[in-house]
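Asks: Sequence:
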Amino acid sequence: MSTASTPTNVSPPLELFWDTENATSEYYIYMHFAEVVNLTATQFRSFNITLNGKYWYGPFAPKYLSTITLFSPSILPNAQKYDFLFFKAEGSTLPPIVNAVEIYSVRDLSKSGTYKKDGMFSSTHINLGWI
Numbered sequence: 001m002s003t004a005s006t007p008t009n010v011s012p013p014l015e016l017f018w019d020t021e022n023a024t025s026e027y028y029i030y031m032h033f034a035e036v037v038n039l040t041a042t043q044f045r046s047f048n049i050t051l052n053g054k055y056w057y058g059p060f061a062p063k064y065l066s067t068i069t070l071f072s073p074s075i076l077p078n079a080q081k082y083d084f085l086f087f088k089a090e091g092s093t094l095p096p097i098v099n100a101v102e103i104y105s106v107r108d109l110s111k112s113g114t115y116k117k118d119g120m121f122s123s124t125h126i127n128l129g130w131i
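Using this note's numbering, read the sequence shown as starting at 1 and increasing by one per residue.
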C-alpha cells in the first residue's frame, strides 16, 4: 500500500461513516493500515478507533511499510448509521492514517434461485470432436 488518508488538520479525528439501508442491515468491515512515511525520531503516530461513540480498537501504531488489517470478527451491531472515528492518541505527534477500507454487506441468498433453464445443456447442443 503506497497511499493513505489522513485528516487535513491534526486535531480533529478522521471520520469514516455510512448510512444503512435499514436498521437490520448487517456488515463486516476490514481496515488496512501501513505507515507509508519513514518517520523521524521525533515523529510518532498512534490512534484509537471508536464506532458510534464506543471504543472499538486502540491505541494503535502502524508499522512502516508493514500492512496490518483490523476487522470485525462478528457482524457489526445493527444501526441506522455507522460512524468510525480515528482519534490521535496521547503522545502522538501525527494524525491517524487509513490506507484502505472494505465493507461487506450480509445478504440472504437462500431465496435467490436460478432460472431452471440457465446452464442446462442438451446433448443435441454439444458437439465434441476427438483426435
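The set of hints was computed from the structure by calculation and includes no laboratory data.
Please read these numbers as outputs of a predicted model, since none were measured by experiment.
Every residue gets a Cβ at the ideal spot worked out from N, C-alpha and C, and that includes glycine.
It cannot be assumed that every hint is accurate.
Claimed, not checked - Across the chosen pairs, the derived CB separations fall in these ranges:
1. Asn38 <-> Lys111: 26 to 36 Å
2. Ser74 <-> Gly53: 12 to 22 Å
3. Asp108 <-> Thr69: 22 to 32 Å
4. Arg107 <-> Pro12: 27 to 37 Å
Asks: Taking the earlier hints as the rules, which of them does this structure contradict?
Replies: 1
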